[in-house]
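*Asks:* Sequence:
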Amino acid sequence: MKRQRATQLAEQLLGALHAGRKEWPLCIVTEVSVFGSYARGATEPHDLDIEVEIDRTDERWIRHFTTCLSYGPDPYLIIRRALVGGSRSCQFLFEARDRVDFSLTLLWRAGDTLDVAVDRLHAIEVDTTAGRAPRDAMLPEFEGLDRWMPRPYRERLSAAVAAGTITLHRFELPGRPVADPAAQDHLHRRWAPTSPLFRAGHAVLAHFEERGIDPAQVHLHGRDLAGPDTPYFAGFALRYFPQIPICLSRHHGVEWLDVIHPTRAQPLIALQIRPVRPDLLADTIWP
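With our numbering, you'll find the sequence shown wraps up at 287, consecutive numbering, no jumps.
It should be emphasised that the hints constitute simulated quantities derived from the structure, not laboratory data. Warning: the hint list may mix true and false statements.
[To be verified] Ranges between beta-carbon positions, derived for each pair:
no.	residue 1	residue 2	range
1	A163	T43	33 to 43 Å
2	T105	A216	47 to 57 Å
3	R170	R81	25 to 35 Å
4	D279	A182	29 to 39 Å
5	D214	K22	46 to 56 Å
6	R277	R223	26 to 36 Å
7	D185	D55	33 to 43 Å
8	A162	D101	15 to 25 Å
Cβ coordinates follow ideal geometry from the N, Cα and C atoms, glycine included.
Could you put together the complete structure from these sequences and hints?
*Replies:* Below, the structure is given as structure tokens:
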């Protein structure tokens, strides 16, 4: 993408934010920043990277967020559409200011005028040498997923791999049906078919079935499918990341699968974590 086109997209986003700033959901947006190659001044950024902070104490947002987690799409999709419609040229991070390991360039903060925001945008200097910024604690398995993996999580996984306490494998989950009726019922009781979590859970259980693993042995995103004997664990969006070493050591887990970014249409990429030295996981390498 040419820089001029990216700048136009940013201007349109700021215009939409200004126009809808008094209406829900844009009224809960508190900050908008730009990052990535555009913020570093690249003449041909791959896309426009935007980070959005919101007022998560808003009661309507709390109800919306809770409903979407169980029954609907990505809760942030409604904000994205209000800002850029269906454009795929903008990549968004939400509520990430305190967990990213790269700089954010502020464009707009609640109370700012549109002119102030546009002036900040135009003040970003062009740098013909700008390229992709390096990431800390990166492994090949994290490539393309790092925007959804906080640096402390990458650091813990990288350290555990380097110490030989776990193995890490990345793969795309299949789009096959789940055969087990009890597993099907479990999915339908927890999530609506339109939810990205339903799709992720379906893909995880289909993967285990393909390997000949009984779904009754799976602990899926915080819940057992059957009894307490569950050596196979799975989670979504690293929601239960702090529990992984305990599950793979004290609870004798065989492996943990995590779908890093559940979506309704894009490929579902999973990281498979298997213990090699479970006795070291919880107490030393991964406190």
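*Asks:* Each of the hints needs a verdict: does it hold here or not?
*Replies:* Cross-check of the supplied hints:
no. : hint                       : in the structure
1   : A163 with T43: 33 to 43 Å  : holds, 42 Å
2   : T105 with A216: 47 to 57 Å : holds, 50 Å
3   : R170 with R81: 25 to 35 Å  : holds, 30 Å
4   : D279 with A182: 29 to 39 Å : holds, 34 Å
5   : D214 with K22: 46 to 56 Å  : holds, 54 Å
6   : R277 with R223: 26 to 36 Å : holds, 28 Å
7   : D185 with D55: 33 to 43 Å  : holds, 38 Å
8   : A162 with D101: 15 to 25 Å : holds, 18 Å
Of the numbered hints stated above, none is contradicted by the structure.
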